[in-house]
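Engineer: Now for the letters of each chain:
Number of protein chains: 2
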Amino acid sequence: MAEARFDVAAIGSAIVDILSRTDDQFLTDNGMVKGTMALTTAEQAKLIYERMGSAVEISGGSAANTTAGIASLGGKPCFIGKVGADKLGEIFAHDMKAIGVEYHGGENRPTKLPTATCLILVTPDGQRTMNTYLGACTEMSPADIDADRIASSQVTYIEGYQWDTPLAKQAIRKACQAAKGAGRKVALSLSDPFVVDRHRDELMALIRDDVDILFGNEDEIFSLYRAADLESAVASLREAGALGIMTRSAKGAVVLDGATTIAVDAAPVAKVIDTTGAGDLFAAGFLFGYTHGRDLTASARIGAVAAAEVISHMGARPEVSLKDLLVKHGL
Amino acid sequence: MAEARFDVAAIGSAIVDILSRTDDQFLTDNGMVKGTMALTTAEQAKLIYERMGSAVEISGGSAANTTAGIASLGGKPCFIGKVGADKLGEIFAHDMKAIGVEYHGGENRPTKLPTATCLILVTPDGQRTMNTYLGACTEMSPADIDADRIASSQVTYIEGYQWDTPLAKQAIRKACQAAKGAGRKVALSLSDPFVVDRHRDELMALIRDDVDILFGNEDEIFSLYRAADLESAVASLREAGALGIMTRSAKGAVVLDGATTIAVDAAPVAKVIDTTGAGDLFAAGFLFGYTHGRDLTASARIGAVAAAEVISHMGARPEVSLKDLLVKHGL
Numbered sequence: 006m007a008e009a010r011f012d013v014a015a016i017g018s019a020i021v022d023i024l025s026r027t028d029d030q031f032l033t034d035n036g037m038v039k040g041t042m043a044l045t046t047a048e049q050a051k052l053i054y055e056r057m058g059s060a061v062e063i064s065g066g067s068a069a070n071t072t073a074g075i076a077s078l079g080g081k082p083c084f085i086g087k088v089g090a091d092k093l094g095e096i097f098a099h100d101m102k103a104i105g106v107e108y109h110g111g112e113n114r115p116t117k118l119p120t121a122t123c124l125i126l127v128t129p130d131g132q133r134t135m136n137t138y139l140g141a142c143t144e145m146s147p148a149d150i151d152a153d154r155i156a157s158s159q160v161t162y163i164e165g166y167q168w169d170t171p172l173a174k175q176a177i178r179k180a181c182q183a184a185k186g187a188g189r190k191v192a193l194s195l196s197d198p199f200v201v202d203r204h205r206d207e208l209m210a211l212i213r214d215d216v217d218i219l220f221g222n223e224d225e226i227f228s229l230y231r232a233a234d235l236e237s238a239v240a241s242l243r244e245a246g247a248l249g250i251m252t253r254s255a256k257g258a259v260v261l262d263g264a265t266t267i268a269v270d271a272a273p274v275a276k277v278i279d280t281t282g283a284g285d286l287f288a289a290g291f292l293f294g295y296t297h298g299r300d301l302t303a304s305a306r307i308g309a310v311a312a313a314e315v316i317s318h319m320g321a322r323p324e325v326s327l328k329d330l331l332v333k334h335g336l
Numbered sequence: 006m007a008e009a010r011f012d013v014a015a016i017g018s019a020i021v022d023i024l025s026r027t028d029d030q031f032l033t034d035n036g037m038v039k040g041t042m043a044l045t046t047a048e049q050a051k052l053i054y055e056r057m058g059s060a061v062e063i064s065g066g067s068a069a070n071t072t073a074g075i076a077s078l079g080g081k082p083c084f085i086g087k088v089g090a091d092k093l094g095e096i097f098a099h100d101m102k103a104i105g106v107e108y109h110g111g112e113n114r115p116t117k118l119p120t121a122t123c124l125i126l127v128t129p130d131g132q133r134t135m136n137t138y139l140g141a142c143t144e145m146s147p148a149d150i151d152a153d154r155i156a157s158s159q160v161t162y163i164e165g166y167q168w169d170t171p172l173a174k175q176a177i178r179k180a181c182q183a184a185k186g187a188g189r190k191v192a193l194s195l196s197d198p199f200v201v202d203r204h205r206d207e208l209m210a211l212i213r214d215d216v217d218i219l220f221g222n223e224d225e226i227f228s229l230y231r232a233a234d235l236e237s238a239v240a241s242l243r244e245a246g247a248l249g250i251m252t253r254s255a256k257g258a259v260v261l262d263g264a265t266t267i268a269v270d271a272a273p274v275a276k277v278i279d280t281t282g283a284g285d286l287f288a289a290g291f292l293f294g295y296t297h298g299r300d301l302t303a304s305a306r307i308g309a310v311a312a313a314e315v316i317s318h319m320g321a322r323p324e325v326s327l328k329d330l331l332v333k334h335g336l
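Protein sequence lines, in the order shown, are assigned to chains H and B.
Positions in the first sequence are counted from 1; adding 5 to them yields the numbering used here.
Positions in the second sequence are counted from 1; adding 5 to them yields the numbering used here.
The shape of chain H in the complex, shown without the other chains (with noise of 0.2 Å):
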């Protein structure tokens, strides 16, 4: 097999994030679920923006925020998502390239619709509750997959978040046939508990057919596997025969291979303030690890890193080097 030029190349939504700090009676009042993610129109995030409070915009994105985290851990990512051509697309685009991601944003296939906004709520316990506008992204299509690119991959990273997109679905059909073509490994992002039970039968599928490495926190693969208790989830994950990493926020993350199960604490934070990109970072350092010859163990715990970092502060990326930050753990 040639020589990858890509540890990661993920496919995901292109999201600025717009985090607003607010209470639970705010969430209560808007008839949100806490910590879940919620798509709205275009006119819905118009109202909810008008009651939210002062913001801070950051560029997003489950994927596109994985793959920042392995830049920053001095990995080779590349991102192919989907921006307008508007302001929030330039931010995007520049934050991408300007922390070293190798970024296509379907410019060669420029849509009308503007870029998707994530309208976050952070309450005071950290966890935070998400309500997006896709827009543009509803446009990625199979045509703005380079096959070549992906075939030139180690891992090609896909967001559960896509199914809600039904283009998007097709693009990353075309994705998992180059990679499982030129012989490289398809990860998959569970992505949120409710995505899960909206395409149950069609991640159940993919994750058959495709997928060689499953992220999913516990609510997420609970949901997937409709399982009432750890044991079940944990056996059906088993069962799959994808290399399955379960993250459990403050009780750090199980690894399951085949019929060996490997379990990493988390990795200390002083202070919690915000959980946005808790997973994407995690999956971020387990798949740096994991590309660059790392055992399991010390990829979850690389993932770990990563995870404690972004949780530390608001915004979905990291704000110090993560490779910097490895050699102080030891890593």
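Among the hints, erroneous ones may be present.
Remember, identical chains collapse to one label, so a pair may be satisfied in a single copy or spanning two.
Lysine-lysine pairs mimicking DSS-like chemistry, simulated, CA-CA at most 27 Å apart [to be verified]:
| hint | residue 1 | residue 2 |
| --- | --- | --- |
| 1 | 333 | 276 |
| 2 | 328 | 276 |
| 3 | 39 | 102 |
| 4 | 276 | 256 |
| 5 | 51 | 117 |
| 6 | 328 | 256 |
Honestly, the hints are just simulated from the structure, not real lab data.
Remember, predicted model here, so these are calculated numbers, not experimental data.
Here the structure of chain H is known, so what remains is to put chain B in place on it, guided by the hints.
Structural biologist: Relative to the frame of chain H, chain B by itself:
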């Protein structure tokens, strides 16, 4: 005199800050003077943005930050500035209104220029170096000033930065006239030592004729009076006749009221992350105290607490309720 509707009416540039961490070498390589503000053309701004790292976008603007601080303290501020008819203009307007600032963005006289941006490079020492593209701000004119609103504000607060924009200067002259005609106070922030150097004579005339309260840091006041040492700077400031407030970073601040000198210490900060907005928030705290019947010492202490909060994180506006913070500090 009728009761004032507003504590402070601030006139300034409506700017969205684009903040990125960098090192000293970047400043040197790009010919920037640390800790100061440089004006750029749209083309220069584009070039700097391309070179700088991934960023966060947060509403800023010196006088606008001051009004945000006054609102966070529980006061009644209004802000007069000018944004473009674009996404960043929407963001700026949202953030002002969301924090409780009565906002006038010149919507009745739309401009085709984009909303102003300030590319802020934050070095590891927490210092900020700013590159401002004024865009829509250059079209703020006397027509944007509602004399009734000015007449109904206890203090009209002006940015020295406005002296770089000929039309804005006329707007400020109109505002000063309205304030003075109504027996209200006028406050001026010197903003930047180079601004002072560019417009020394006009600023001196304004101070002599209209300014009741003058804010400046050491560099700015040294520049204004071409002073060689603190003693002669203070002597000149005292002669000016206005209430003089000199901020001195970690050394606190000095209030000069006629022959009286009041020195207050800086409020403690665990770690200085980003000094953007320190002077703006000191002015917010001082003016809140001043317009709420507090004495000069208490007003300056409130300023010190507000400034300490804003330098403890990225961005130039308070992240927590300053009102609550005052209670904690027994103020």
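Engineer: Each hint: holds or not?
Structural biologist: These are the hints, each one checked on the structure:
Taking the shortest alpha-carbon separations for residue 333 and residue 276, both the intra-copy value of 19 Å and the inter-copy value of 20 Å come in at or below 27 Å. Taking CA atoms no more than 27 Å apart as the test, residue 328 paired with residue 276 passes in both settings, with 22 Å inside one copy and 23 Å between copies. Taking the shortest Cα distances, residue 39 and residue 102 sit within 27 Å of each other only across copies (25 Å), while inside one copy they are farther apart (32 Å). Only within a single protomer do residue 276 and residue 256 lie at most 27 Å apart by alpha-carbon distance; the minimum there is 15 Å, versus 30 Å between protomers.
With identical chains, the CA atoms of residue 51 and residue 117 are at most 27 Å apart both within one copy (18 Å) and between copies (23 Å). With identical chains, the CA atoms of residue 328 and residue 256 are at most 27 Å apart within one copy only, with a shortest distance of 24 Å there and 36 Å across copies.
Consistency with the previously given hints is maintained throughout, with no hint failing.
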